[in-house]
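So the chains spell out like this:
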Amino acid sequence: MSRVLFDLDSRHSYNKLYPAYETIYKTLDNSNDAQIPKYINSSDLMIMKKALENIRIITNTANRNLVDLENELVERAAELGNNDAVSILAFEAILDNDRDSSDKIHAKKLIAQLLKIKHPLTTKMSGDLCLKNSLSEQAEDFYQKFLELEKDTFLSSEVYTILGKLYFEKPELIQSKQFFTKAIRTGPLDKVVTAHYYLGQIYAQDDLLKSRYHFELCASQGFKESFQQLGFMELNYFKNVTKAKEWFKLGVELQDLNCIIGLFDCFIRLKEWRNAYRSSQQLEGNLDESSLKHFKESREKTIKLLAENYMPPKKQFQAIEEYSRGNLSKPNMKQENDRWSI
Amino acid sequence: MIKQFNYITVRRFQSTIPKVQKEQDFEELLSNNKKLQELWTSPNPHHSILEEQRHVSINCNESLPIILRNKAMVFKDVEIENPGNKGAGLIVKQYVEFAKSIIKFYRVGIQNVWRNYKSVKLLREKYYINDIDSKGADIKRRFKNSKDIIMTLNNYLSLKKIEFEVLQNAGKIPNESIINISRYELSLLKRTELDYWKLPLFSLILLVCGELTPFVVYVFPNLSPSTCVSPSILKSINSKNNLTFKQLRKPLNIFELNKNELILYNKLYFLIPNFWTFLPKSYYQNNLTDHLNYLKLDDYYLTKKYYNKINGLWLLSKNELIKSCLDRNLIDLSTSDITKLRTNELRIKMLLYLGLENIDFEHLQKIRQLELKESNKLINLRSSLVETVVIDDDSKELRHHHEGIKKG
Numbered sequence: 001m002s003r004v005l006f007d008l009d010s011r012h013s014y015n016k017l018y019p020a021y022e023t024i025y026k027t028l029d030n031s032n033d034a035q036i037p038k039y040i041n042s043s044d045l046m047i048m049k050k051a052l053e054n055i056r057i058i059t060n061t062a063n064r065n066l067v068d069l070e071n072e073l074v075e076r077a078a079e080l081g082n083n084d085a086v087s088i089l090a091f092e093a094i095l096d097n098d099r100d101s102s103d104k105i106h107a108k109k110l111i112a113q114l115l116k117i118k119h120p121l122t123t124k125m126s127g128d129l130c131l132k133n134s135l136s137e138q139a140e141d142f143y144q145k146f147l148e149l150e151k152d153t154f155l156s157s158e159v160y161t162i163l164g165k166l167y168f169e170k171p172e173l174i175q176s177k178q179f180f181t182k183a184i185r186t187g188p189l190d191k192v193v194t195a196h197y198y199l200g201q202i203y204a205q206d207d208l209l210k211s212r213y214h215f216e217l218c219a220s221q222g223f224k225e226s227f228q229q230l231g232f233m234e235l236n237y238f239k240n241v242t243k244a245k246e247w248f249k250l251g252v253e254l255q256d257l258n259c260i261i262g263l264f265d266c267f268i269r270l271k272e273w274r275n276a277y278r279s280s281q282q283l284e285g286n287l288d289e290s291s292l293k294h295f296k297e298s299r300e301k302t303i304k305l306l307a308e309n310y311m312p313p314k315k316q317f318q319a320i321e322e323y324s325r326g327n328l329s330k331p332n333m334k335q336e337n338d339r340w341s342i
Numbered sequence: 001m002i003k004q005f006n007y008i009t010v011r012r013f014q015s016t017i018p019k020v021q022k023e024q025d026f027e028e029l030l031s032n033n034k035k036l037q038e039l040w041t042s043p044n045p046h047h048s049i050l051e052e053q054r055h056v057s058i059n060c061n062e063s064l065p066i067i068l069r070n071k072a073m074v075f076k077d078v079e080i081e082n083p084g085n086k087g088a089g090l091i092v093k094q095y096v097e098f099a100k101s102i103i104k105f106y107r108v109g110i111q112n113v114w115r116n117y118k119s120v121k122l123l124r125e126k127y128y129i130n131d132i133d134s135k136g137a138d139i140k141r142r143f144k145n146s147k148d149i150i151m152t153l154n155n156y157l158s159l160k161k162i163e164f165e166v167l168q169n170a171g172k173i174p175n176e177s178i179i180n181i182s183r184y185e186l187s188l189l190k191r192t193e194l195d196y197w198k199l200p201l202f203s204l205i206l207l208v209c210g211e212l213t214p215f216v217v218y219v220f221p222n223l224s225p226s227t228c229v230s231p232s233i234l235k236s237i238n239s240k241n242n243l244t245f246k247q248l249r250k251p252l253n254i255f256e257l258n259k260n261e262l263i264l265y266n267k268l269y270f271l272i273p274n275f276w277t278f279l280p281k282s283y284y285q286n287n288l289t290d291h292l293n294y295l296k297l298d299d300y301y302l303t304k305k306y307y308n309k310i311n312g313l314w315l316l317s318k319n320e321l322i323k324s325c326l327d328r329n330l331i332d333l334s335t336s337d338i339t340k341l342r343t344n345e346l347r348i349k350m351l352l353y354l355g356l357e358n359i360d361f362e363h364l365q366k367i368r369q370l371e372l373k374e375s376n377k378l379i380n381l382r383s384s385l386v387e388t389v390v391i392d393d394d395s396k397e398l399r400h401h402h403e404g405i406k407k408g
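Going line by line, the protein sequences match chains A and B. If you read the first sequence in full-length UniProt numbering, its first letter stands for residue 1, the second for the next number, and so on. If you read the second sequence in full-length UniProt numbering, its first letter stands for residue 1, the second for the next number, and so on.
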């Protein structure tokens, strides 16, 4: 917790903030107003909220009471006149369908006032709202305005990533590359994973070493899609099959089906027939019809090769039985099947 | 959605080389290959506006050697200039003139390196790269070296290419990519970078050895800067490697090659001296990657259209043609004499290299062995199609260089 607070540039230590957390938490159930210590102002309350939020994201667990506490903290901050808190609450009111129309009108008024004084968070959130309603041009305008106000904060790195994606879709790849690079330079690694992934895609065209670097950074944060990219890159371009296998294995652990296909290719290259057979079985169980068909068509030769070199135990027994009856010729036994010593 | 990852395709075994014996075959090839067709139908440059336009945009003759006449040519020239002299007097005069011409060759070369160095300095102030600093702010930074600028430009071009394709498929009109720096400036930068460090030692050799410099350079060919490479030195660098060229049959994927193959490739492209075999594998890999990147960019410059819609290829001077053929390993130095190669021959070699998209080793070998007859046939065919007549401008080249020397 202390570390999270330090990262957020908190004025107070955890020991000083704890009483505030405690008093607000205790008043959650009853309607009494909590007595917040005097040395804590509205921005401190917001930092306390962000700290809780960060811990929620890091641990990937959400405690209902703590989420309530977060909401309460925002409301308290808004009461004390914190603009960030006000804009968060206003946007919540607009997006919530259950709210009254009078509430929404008031929220809109508040947002208009905040936009007038060029409040950064409000500008960014208006951009988000526009993007949600697929008004990408207006969203871009809002984001550009936000970047004029804030250039090198965590929030701006988020905005750079969104702008990068917008330009990537246009496509204006050179601009989008610039935005993603800016996002990486301004934000911490765990928040800019998508930017790294897109940069990996952009560099994949001519500078594979750089592309690999970006994908590896994604993989270090457990970004699912990056594993198959890294695997196929190592397999097909850098010709390092064992390394590719390791990447695919990691991907399989995150249940990425493409990684199983990659793993199948690796096993075939390494001539580990039994493992290859297993992964092909795994694919048959998991892939839908069309992609299974595509898999079988694209890897016709390798599947044939596998059938020549490996026979699953069930079929072996059948073959042996039929051989003993004298119906068939000697069963196809190679390498691994030698253990039957027939 | 996010685009699927595309692998860079290495030049594969797909293309077909034209059979020049039959004109129809070649025409069929042209109709199938758009890129080749575009290069082929480009108009010829008009001679009257040629020199200046050529100089500004494409050719960088300053960074290449001036033409060195061989012994027989010098002797003949002296004989013509002094019709009265005969016997021992004439022979002495001939030898003196020959020594002078060698000294002049090296002197002009060294002077050019120094001049180039100065103009590169100006270039460094002229261009910058848009970059982002560690805090995420936009900056304009100076480029570090030619590798830096080549990487940036290649990246820019490949991204533009994707944009172009996507927009074209969507039925929109895409913008053409614009590169500010010209081929002339880029090649000046790239060649002078190495030459500058060779200059002190080479000038010392020239001072000490004088007319004997060719012999010293023959033993250590990589000492001479690019402006002082005589044809005989080229042969001495390359003679051993050509035997091994025939053994290399694999397609060129850098990460697939072992160290020995990498070293061979490096030698073939004149990237390292012959004895330079003791460095780690990654050095050779990087060297080769950089060179291939440069070739990619250079190919772009040569297929690009300049004034009057003429492709860069047809604007190259003979000196540049030799250099670009050598860069791409299109001349078999063990069998052909570089002094006897004609402009047409070289140009057709380059045309085939640039036009055929997937060139493999066998085809490269065929381009290398392309004969003058065949290339002349092709050129004649072209001149019947394209309005202006192509003149084999070897004689003009010679004159041009002599004028250059006088000016210098």
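Hints are supplied without guarantee of correctness; some may be wrong.
[Stated by the list, open to error] Derived pair list, reagent style DSBU-like, types lysine-lysine, alpha-carbon separation capped at 30 angstroms:
#1 A:Lys151 to B:Lys259
#2 A:Lys151 to B:Lys160
#3 B:Lys135 to A:Lys210
#4 B:Lys259 to A:Lys243
#5 B:Lys144 to B:Lys259
#6 B:Lys144 to B:Lys281
#7 B:Lys147 to A:Lys239
[What the hints assert, rightly or not] Quick look at which bits of chain B chain A covers, simulated, 3 or more residues with Cβ under 8 angstroms:
#8 76-90
#9 277-284
[Stated by the list, open to error] A short, non-exhaustive set of chain B residues, derived as facing chain A with CB atoms under 8 angstroms:
#10 Ala137
#11 Val166
#12 Phe255
#13 Glu256
Hint data in this document are derived by calculation from the structure and do not stem from the laboratory. Glycine residues also receive a C-beta, built at the ideal position from the N, C-alpha and C atoms.
To see whether the hints hold, each was checked on the structure:
no.	hint	in the structure
1	A:Lys151 to B:Lys259	47 angstroms, violated
2	A:Lys151 to B:Lys160	27 angstroms, holds
3	B:Lys135 to A:Lys210	20 angstroms, holds
4	B:Lys259 to A:Lys243	20 angstroms, holds
5	B:Lys144 to B:Lys259	29 angstroms, holds
6	B:Lys144 to B:Lys281	24 angstroms, holds
7	B:Lys147 to A:Lys239	26 angstroms, holds
8	76-90	violated (count 0)
9	277-284	violated (count 0)
10	Ala137	7 angstroms, holds
11	Val166	5 angstroms, holds
12	Phe255	5 angstroms, holds
13	Glu256	5 angstroms, holds
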